[in-house]
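Colleague: Line order of the protein sequences matches chains A and B. The first sequence maps to residues 1 to 527 in the working numbering. The second sequence maps to residues 1 to 268 in the working numbering.
Hints are supplied without guarantee of correctness; some may be wrong.
Stated by the list, open to error - What follows is a list of derived Cβ distance ranges for each label pair:
hint : chain 1 : residue 1 : chain 2 : residue 2 : range
1    : A       : R426      : B       : C149      : 33 to 39 Å
2    : A       : Y300      : B       : P205      : 19 to 25 Å
3    : A       : P294      : B       : P42       : 42 to 48 Å
4    : B       : Q51       : A       : E73       : 45 to 51 Å
5    : A       : E174      : B       : I219      : 53 to 59 Å
6    : A       : T176      : B       : C149      : 41 to 47 Å
To be clear, the hints were calculated from the coordinates, so they are not data collected in a lab. Glycine included, each C-beta is placed from N, C-alpha and C at the ideal position.
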Amino acid sequence: MVRPHDTRFRRLPIQPTISALNAINAGDKAMQQLPVCLNMSDRLVVVTGGGQTAARRAETALRAGARVRVVAEHVGDAFDDITDDPRIEIRNSALERADLDGVFVVFAASGNTADDAAVVRLAREANVMVNVADHSALGDFSIPSIIDRSPLLIAVSSSGTSPLFGRLITQRLEATIPAAFGNLTRFLGSIRDGLTQRIPDSRRRRRFLETIVDGTVADLVLSGNEERARTLLAKEADSFVSGGDTPEGEVYLVGGGPGDPDLLTFRALRLMQRADVVVYDRLIGSPILELVRPDAERIYVGKKRNQHALPQDEISRLLVRLARDGKRVLRLKGGDPFIFGRGGEEIELLASEGIPFQIVPGITAASGCSSFAGIPLTHRDHAQACIFVTGHTKTGRLSSDWATVLQPNQTVVVYMGLAVLGDLMRDFIANGADPSLPVAIIENGTRPNQKVATGTLSDIASITEAAGITGPALIIIGTVVTLREKLAWFNQPAPKDAAATAALSSETGGLAAASAPDVPVEGAAVR
Amino acid sequence: MKMPGRVYLVGAGPGDPELLTLKAANLLAVADVIVFDRLVSPEILAFANPQARRIPVGKEPRRHPVPQSEINRILVREARAGHLVVRLKGGDPFVFGRGSEEALALRAAGLRCDVVPGITAAQGCAAATGVPLTHRGLATSVRFITGHCRADEPLDFDWDGLADPATTLVIYMGAANIAEIATRLQGHGRDPDTPVMAINNGTRPDERRLVSRLADIAITAADASFAGPVVFIVGDVVALYGDSHMSPALQSALATANDVSREAAPYA
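Chain A on its own, in the form it takes in the complex (with noise of 0.2 Å):
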């Protein structure tokens, strides 16, 4: 699959494809497993079996400062490299309970299921936790792919679902962590209690902590230079001390883009993590949601059952109390905030109270649903302009009249025009547009439970009502609708089956069209 290669490094983190861990969690949204980081240190473990895969446990538990025990009838060429080592020794017999005394786990690496089980039967009977090698369901815990900056560990664990894409995983992120990383991990654990002491407030210093991950004191410790480093800081702590009492609060008013977390942007994501509190409603899915850092606070400001969402106004006052508190406030919206995200009412109130933000935009439910759905917004024979409109005013049913709405050669996108879908497209015909005039609903666009209804405004409200559509969805109207015959891609079978579409095409896609990025790149290991 992933072929890993040479990169260098970038802050930017490049993430594993998320929804494909997302859709993989999907089935059984519970963690199978805890990790953890054993202290080893001069305790005792086994290792039974002789081979290669044995000899590399062994290996493991010594580089952790682990004494290792080595139980095996014979023991092969694998253990060349270690058998000096003083901390090893070896017994060769079948491992008996006697064995097991005064052990801290057992690593089963026989390679023999019949002799690993007995081993758990063993450990069992001893209380001692035991792993079994490739088989991490037989025994207490599986053991991850390690990525090595000691300090710094990364362990990827599949939860012994997939070893292998763990490994991918830990492939890609070892061309991307730097080797000097350690001496960072190092560097700031030197600085730990002194800074404790310096700034006491825990949210204080940890943002102290960001600017100096991300400045010229991390680039100097990279590059070696700890000395400099040691001196830079300082000051930098004493500028951060005096310059007052309270932190600057801020507001990053971030689009989330149509739900599929793969289309966050690195600019969303980066401040999702930055986050003291989010801010957020129901246009959000949970994949996105949790993307934030776990121990930002949350404010749901949506609807609720029973319950109207919290007042325009209101919300943009919270978000000037939760920044005057010194907080960075995440804004979270679906789509892009600047396209009928009321993005522009929340600024107004920031602006005149003086509070700083940023605004990043998102992907909005036109282009998610036009990519997703294989209809261009735009194409030289079809359509050279778009209009993006809403369906639900208060006055009419569409947020602009007829003229403009009603072009030639312009693809009109209406958003939250569900629930007047039928009125409104007897109202197009009223208005003069042919009823033959394609129409495309897209629900759930980009989701993998997207679907996708097309037919012409005279009959599009009674397919989309056979097809049980109810939202959320976008409503794409324009010849350009035609082209998705062709284009459709997303959750579909392989091209030229795909030319056979139905008026009504379901897409329940599993993981993976989902992951899409996955299926090709096993095709090219192949050649």
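Guided by the hints, dock chain B onto chain A, whose structure is given.
Modeller: Okay, now just chain B, sitting in the frame of chain A:
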């Protein structure tokens, strides 16, 4: 037999590398071949698999552009050779930019083409300048048009509909025709005082902006002698930026916001 490859039609966003989607970056990191436009910045190409072959097909000033049919042929050829091809386009692949024609050519050749949306220039410029594209009381809708037309053909719009004051009008590739567009809009009833913002190289470190009125925009934009892509935003929302209608607090806050976002961009 070789496995046929696959092409990803990927939006690179408006220019700022931090506005790339995670999916776009992941695809760049595993691509065998990257076919890209001039509008795609080097910082974005830095995400690419270093072993990937890079094929520029951009239209550079004073250089003969690679014709669209030739781009289509390159994509089909590379995919047939079994490669994972990323076709990287500025902005969003399905908003102008002829991405749909490339997708159609690939499908006609029996090849799969996945599409990854990007932040389109209008959105990037809006966020960078703090000017919303829709806003209560100012704009209930937003429209994107291209000011670029086929050679020797006139601009083909229903100008009456285009002059709607409640719809923000965003003009892509309009630098060459802004004078005609502005005149026609006024001729069909759009207020000559309608504020217009021109954003050159939006979201990039060398971004430039100017705010004018519909009556003057053609001249002010010409005076600015912009190099690189220009987006025009026409509508009352532009009054939220600029001197005329903006309170001093809003003005300074907008400036602060923009400074902050500049600092935050690691490449800026």
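Colleague: Now tell me, hint by hint, if it's right for this structure.
Modeller: To see whether the hints hold, each was checked on the structure:
Distance hint check for R426 of chain A and C149 of chain B: the Cβ-Cβ separation is about 34 Å, which falls inside the suggested range of 33 to 39 Å. At about 37 Å, the beta-carbon gap between Y300 of chain A and P205 of chain B misses the expected band of 19 to 25 Å. For the hinted restraint 42 to 48 Å between P294 of chain A and P42 of chain B, the CB-CB distance of approximately 35 Å leaves it violated. At about 47 Å, the CB distance of Q51 of chain B to E73 of chain A agrees with the hint of 45 to 51 Å.
Distance hint check: the CB atoms of E174 of chain A and I219 of chain B are about 57 Å apart, consistent with the given range 53 to 59 Å. For the pair T176 of chain A and C149 of chain B, the supplied restraint of 41 to 47 Å holds, since their beta-carbon distance comes to about 45 Å.
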